[in-house]
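Quick note on this note's numbering: the sequence shown kicks off at 1 and runs consecutively.
Don't take every hint at face value.
[As the list claims (entries may be wrong)] Below, in silico cross-link-like pairs of lysine-lysine (DSS-like), each with a Cα-Cα straight-line distance of 27 angstroms or less:
hint	residue 1	residue 2
1	128	117
2	81	128
3	117	132
4	82	128
[Claimed, not checked] Ranges between beta-carbon positions, derived for each pair:
hint	residue 1	residue 2	range
5	69	91	16 to 24 angstroms
6	149	33	26 to 34 angstroms
7	31	111	18 to 26 angstroms
8	128	27	27 to 35 angstroms
9	145	117	19 to 27 angstroms
10	144	111	45 to 53 angstroms
11	87	59	21 to 29 angstroms
12	117	51	39 to 47 angstroms
Hints are computed from structural coordinates only; laboratory data are not their basis. The C-beta atom is built at its ideal place from N, Cα and C for all residues, glycine as well.
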Amino acid sequence: MGRRKGGRVFQADTRNPFFPSLRPTTRDILDLTLPFVEDVELETLIDQRTATLVRQLDTSSDMGVRSTGVRGLMAVQFFEKKRRKAWFTKGEEEVCWEQWTLDVTLATPRTESERAKVRKAMEAMLLKAAMKIVTTVNREKDHIPPITTSESNPFPYQIVINPRDNGWGARMGIF
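Please construct the entire structure, taking both the sequences and the accompanying hints into account.
If you want it as structure tokens, here you go:
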């Protein structure tokens, strides 16, 4: 998946819980027109994380895995701020209430016909991902926390590369 194309799926994903006054904008990616948030900070973050993932995948592919393709994960996590309730501490903690994960495969076509096949596959996967985002966001709304702030983006977010599992070990910092 192309560097800019992979990151743009996150543009489609991050538009939903992002609430400043926005002018509707779209971008053409492959043969699809997708919604786009014009936010320099968000675009810079997406570009940085995408570049990091591409570097990791390039390093892995240089180790001889290139023929089968190299895979990595990029995720966007949305948080809500909750009051920390403990005996001797006060403050807030950020609790993740939603995570969207993008599975990225680095493909290296060797011929023009392979390149055309990879492009068609990318178009199909991008369309499938965009439709899944729209369908899920429109269907699953009950878990979204109430907005308790007047900030333009009431839900902090992070974009992480190869996120760890959210099992008990990861929460305790063991794995």
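Each hint tested on the structure:
1. Pair hint residue 128 plus residue 117 holds up; C-alpha atoms about 17 angstroms apart against a cutoff of 27 angstroms.
2. Simply put, residue 81 and residue 128 have alpha-carbon atoms about 32 angstroms apart, too far for the 27 angstroms limit, and the pair is violated.
3. With a CA separation close to 22 angstroms, the supplied pair residue 117 and residue 132 stays within the 27 angstroms bound.
4. For the given pair, residue 82 sits about 34 angstroms from residue 128 by alpha-carbon distance, which is inconsistent with the 27 angstroms threshold.
5. The beta-carbon spacing between residue 69 and residue 91, approximately 44 angstroms, falls outside the hinted interval of 16 to 24 angstroms.
6. At roughly 32 angstroms, the beta carbons of residue 149 and residue 33 sit within the given window of 26 to 34 angstroms.
7. Taking the beta carbon of each, residue 31 and residue 111 are about 21 angstroms apart, inside 18 to 26 angstroms as hinted.
8. In this structure the hint that residue 128 and residue 27 lie 27 to 35 angstroms apart at CB is violated, the actual value being about 18 angstroms.
9. Range check, residue 145 to residue 117: Cβ separation about 43 angstroms, and the 19 to 27 angstroms hint is violated.
10. One distance hint, 45 to 53 angstroms for the beta-carbon pair residue 144 and residue 111, holds here, with the actual separation near 46 angstroms.
11. The supplied range of 21 to 29 angstroms is broken by residue 87 and residue 59, whose beta-carbon atoms lie about 46 angstroms from each other.
12. Against the hinted window of 39 to 47 angstroms, the Cβ-Cβ separation of residue 117 and residue 51 comes to about 26 angstroms, which falls outside the hint.
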